[in-house]
Amino acid sequence: MQHLIYNEMMKLIRKKRIWVIALILLILIPIFTYAQYRTTKETMERLGTSDWHALLTQQIVDAQNRLSSNQIPDEWKKYLKLNIEQQQYYLDHDINPTAPGGPTFIRKFVEQAVELFLPLLVVILAADIVSSEHSAGTIKLLLTRPVPRFKILLSKYIALLLGTSFLILMTAVLGYVISGAVFGYEGWTMPVLTGFSQNGNNLVTTHVHLLPQWKYDLMAYGLAWFSCCAIGTISFMVSVLVRSTASSMGIMLAAVISGGLLSQLAPSWEALKYLAFTNLGLTDYLSGHPTLVEGMSLPFSLAVLIIWSLLSLLVAFVVFTRRDILA
Amino acid sequence: MAKQNKPVLYVEGLSKTIRRRTIVQDISFEVGEGEIFGFLGPNGAGKTTTIRMLVGLIRPSKGKVKIGGYDLQTDFLKAISHVGCIVENPELYPYLTGRENLELFARMARIDHARIREVVEQVELTERIDDPVKTYSLGMRQRLGIAQALLGKPKLLILDEPTNGLDPAGIRELRAFIRKLARKDGISVFVSSHILHEVQLMCDRVAIIHQGKLVQTGPIGELVGDQSMVEWKIEPADRGLKVLQSLPYVTRWEQPDDGRILVHMPAEKIAETNRSLVDKQILVHEIRTHRPTLEDIFLQMTGGVESAASDL
Numbered sequence: 001m002q003h004l005i006y007n008e009m010m011k012l013i014r015k016k017r018i019w020v021i022a023l024i025l026l027i028l029i030p031i032f033t034y035a036q037y038r039t040t041k042e043t044m045e046r047l048g049t050s051d052w053h054a055l056l057t058q059q060i061v062d063a064q065n066r067l068s069s070n071q072i073p074d075e076w077k078k079y080l081k082l083n084i085e086q087q088q089y090y091l092d093h094d095i096n097p098t099a100p101g102g103p104t105f106i107r108k109f110v111e112q113a114v115e116l117f118l119p120l121l122v123v124i125l126a127a128d129i130v131s132s133e134h135s136a137g138t139i140k141l142l143l144t145r146p147v148p149r150f151k152i153l154l155s156k157y158i159a160l161l162l163g164t165s166f167l168i169l170m171t172a173v174l175g176y177v178i179s180g181a182v183f184g185y186e187g188w189t190m191p192v193l194t195g196f197s198q199n200g201n202n203l204v205t206t207h208v209h210l211l212p213q214w215k216y217d218l219m220a221y222g223l224a225w226f227s228c229c230a231i232g233t234i235s236f237m238v239s240v241l242v243r244s245t246a247s248s249m250g251i252m253l254a255a256v257i258s259g260g261l262l263s264q265l266a267p268s269w270e271a272l273k274y275l276a277f278t279n280l281g282l283t284d285y286l287s288g289h290p291t292l293v294e295g296m297s298l299p300f301s302l303a304v305l306i307i308w309s310l311l312s313l314l315v316a317f318v319v320f321t322r323r324d325i326l327a
Numbered sequence: 001m002a003k004q005n006k007p008v009l010y011v012e013g014l015s016k017t018i019r020r021r022t023i024v025q026d027i028s029f030e031v032g033e034g035e036i037f038g039f040l041g042p043n044g045a046g047k048t049t050t051i052r053m054l055v056g057l058i059r060p061s062k063g064k065v066k067i068g069g070y071d072l073q074t075d076f077l078k079a080i081s082h083v084g085c086i087v088e089n090p091e092l093y094p095y096l097t098g099r100e101n102l103e104l105f106a107r108m109a110r111i112d113h114a115r116i117r118e119v120v121e122q123v124e125l126t127e128r129i130d131d132p133v134k135t136y137s138l139g140m141r142q143r144l145g146i147a148q149a150l151l152g153k154p155k156l157l158i159l160d161e162p163t164n165g166l167d168p169a170g171i172r173e174l175r176a177f178i179r180k181l182a183r184k185d186g187i188s189v190f191v192s193s194h195i196l197h198e199v200q201l202m203c204d205r206v207a208i209i210h211q212g213k214l215v216q217t218g219p220i221g222e223l224v225g226d227q228s229m230v231e232w233k234i235e236p237a238d239r240g241l242k243v244l245q246s247l248p249y250v251t252r253w254e255q256p257d258d259g260r261i262l263v264h265m266p267a268e269k270i271a272e273t274n275r276s277l278v279d280k281q282i283l284v285h286e287i288r289t290h291r292p293t294l295e296d297i298f299l300q301m302t303g304g305v306e307s308a309a310s311d312l
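Sequence lines, in order, name chains F and Z.
Residue numbers for the first sequence follow full-length UniProt numbering, so the first one is 1 and each next one is one higher.
Residue numbers for the second sequence follow full-length UniProt numbering, so the first one is 1 and each next one is one higher.
Keep in mind that the hints were calculated from the coordinates and are not lab data.
All C-beta atoms in this analysis are idealised placements derived from N, C-alpha and C, irrespective of residue type, glycine included.
Treat the hints with care, since some could be wrong.
Beta-carbon label-pair distances, calculated as ranges [stated by the list, open to error]:
(1) F:D94 x Z:T135: 30 to 40 Å
(2) Z:D26 x F:Q264: 51 to 61 Å
(3) Z:P168 x F:V20: 55 to 65 Å
(4) F:L314 x Z:G218: 21 to 31 Å
Simulated crosslink set (DSS-like; lysine-lysine; CA at most 27 Å straight-line) [as the list claims (entries may be wrong)]:
(5) F:K151 x Z:K78
(6) F:K215 x F:K16
(7) Z:K184 x Z:K233
(8) Z:K6 x F:K151
(9) Z:K66 x F:K151
(10) Z:K78 x Z:K62
(11) Z:K64 x F:K151
(12) Z:K213 x Z:K66
(13) F:K273 x F:K108
(14) F:K81 x F:K108
(15) F:K15 x Z:K134
(16) Z:K6 x Z:K233
(17) F:K16 x Z:K134
(18) Z:K180 x Z:K6
(19) F:K215 x F:K78
(20) Z:K184 x Z:K6
(21) F:K81 x F:K215
(22) Z:K269 x Z:K280
So the derived list for chain F, only partly shown, Cβ under 10 Å to chain Z, looks like this [as the list claims (entries may be wrong)]:
(23) R14
(24) I18
(25) E42
(26) R46
(27) K140
(28) L141
(29) L142
(30) V147
(31) R243
(32) A246
(33) V318
(34) R322
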């Protein structure tokens, strides 16, 4: 089996598709870095450049005053306390909260990229993994060797998962290295607020707590990896079903993009939450970003993605092992 | 010549129906050890569908394929490990080098590097083997495809239209190569073609397929007939003709006006006939054999089937 996976990895790497993706990241990350840099500069200019220490101190004092007031509900108090803790950390470690370092950049980057940008890159990688063998005719050689068909497909799937993992790793590493050159490489231990959840229209803050940023980043990239694997698996099925790479890529791009659009257009349409493509923003559950469609939670989204992935794999394997190779 | 003891490839009642259209219907034949078997038919006759069923790319609707004694349906891995094949064009990964392509397929069947070197030498690609396949000419791709097919030391080589796109020299080379494989290494070769004279020159036996059905199977000589036409240019013509007429195996003759004599006789008897003429002091200027080509026979036969079908 490892021989087959080695073969598939060799094809993946030598086909240069993965390097095209690396190139896309190499071009886009500096652009995002520059965008972040501009925003930071503008904020700093608005607030006054050197006075962020004073500003933070002022904010902490304000928050403490509100804490001592009786009109604030208990769960808010907890949130405020954590906020103060976070701001105190900024002060103690001399971190300007509006000028983030590399670790903060990659956190924000993955939160933005998880719903559309990363899935698109995965689709580029996955859409041709089986269909290219059809369009190049090499499928005829592959399937006339003394190897069962399911093993061929399994080796391709494992290669795809490895490729996807490499893609996520590359995003994190390139993001850190490139943005760090501008914003500095510190900030791994900076506390980040997490644990928000949603109940109807209210933000539930009972489980809110602080996490060191490295832990938060790890979790965010883990969730992004999971989303990407799910998208990769669905693309994999499409790649088995459709013989041309162009159409399998087109189908997946349309699905990913319209999934994102639909949930924004029709947040009241509850059935949308059962689509894989509306559940890709897993990192939203970490940051407490409100979900658009009601009734979605991290376990729910994970379950939806898992079910879609398993069904896709089932279809892919059944079709691939039975199909006549006619052309 | 061909040893017919135990068939390497055994096909019985093979049929394929796709969406209620019968593409291949009840095909049966055998290919013996070391035999070169030609599979002939016009484009669209069902050759490629049949070949794809032989290598497990298409599941037959009916019928049985056995390779080296193993049933392709129930014992796929054992059966297919005896087969090397090129189905249609020799398609390999263009972004890899020739060697990397071979290594890739070698890894799938646990074949070592020594064997790779061996087949590369056998197809004479040693010099270019480390170049990317996309820089190869069609002939070189063809040879790399054959190298790939030979990697697993197959008992049966299946080549689908191997002469497609090759120049005459390339075709000659390929023919010699295939003959050598069959004669020296005892590999059975199943070769399909729609260009009949190319196959006629290398096959021991042929099967002719038309509209999904086998029209005829048999040794090439039988199909061509042992009666061939021999053209003689002799002097003096009238006395020569008398000598020729007196020979027992000469059945028919024609004498066009230009001094040539066309005689229906077995081609093997040419030397004997020549001696008889020379013995009678007749000068022999030229001997030419006119073997009817498979093409003629083929047209005659398939044309017959067609008209028979339209009669129904």
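TODO: For the pair we were handed, Z:K184 and Z:K6, check the Cα-Cα distance against 27 Å.
DONE: holds (18 Å)
TODO: Compare the distance between the alpha carbons of Z:K6 and F:K151 with 27 Å, and conclude whether the hinted pair is satisfied.
DONE: violated (32 Å)
Open item on the list: Checking one constraint from the list: CA of F:K15 to CA of Z:K134, max 27 Å. Satisfied?
Closed with: holds (12 Å)
- [ ] Closer than 10 Å between Cβ atoms is the bar; does F:R243 clear it against chain Z? Give me holds or violated.
- [x] Because about 14 Å separates F:R243 from the closest Cβ in chain Z, which is outside the 10 Å limit, the hint is violated.
TODO: Go ahead and decide if the range 30 to 40 Å is satisfied by the Cβ distance of F:D94 to Z:T135.
DONE: Violated - the Cβ-Cβ distance for F:D94 and Z:T135, about 59 Å, lies outside 30 to 40 Å.
Open item on the list: The hint names F:R322 as touching chain Z; please verify it with the least Cβ-Cβ distance against 10 Å.
Closed with: holds (8 Å)
Open item on the list: Hint check: F:K273 vs F:K108, CA-CA at most 27 Å. Holds or violated?
Closed with: holds (24 Å)
Open item on the list: Does F:L141 hold up as a contact with chain Z if the rule is Cβ-Cβ below 10 Å?
Closed with: With a minimum Cβ separation of about 7 Å from chain Z (threshold 10 Å), the hint on F:L141 holds.
- [ ] Would you check the hint for Z:K78 and Z:K62, treating anything up to 27 Å between C-alpha atoms as holding?
- [x] Since the Cα atoms of Z:K78 and Z:K62 sit roughly 21 Å apart, the hinted pair holds (cutoff 27 Å).
Task: Per-residue hint verdict: F:V318, partner chain Z, C-beta under 10 Å - done: With Cβ-Cβ at 14 Å, over 10 Å, it is violated.
- [ ] Take the C-alpha atoms of Z:K184 and Z:K233, compute the straight-line distance between them, and say whether it is at most 27 Å.
- [x] violated (39 Å)
Task: Straight-line alpha-carbon gap F:K81 to F:K215, limit 27 Å - done: It holds: about 21 Å lies between the C-alpha atoms, which stays within 27 Å.
When held up to the earlier numbered hints, the structure conflicts with 1, 3, 4, 6, 7, 8, 16, 24, 25, 26, 31, 32 and 33 and fits the remainder.
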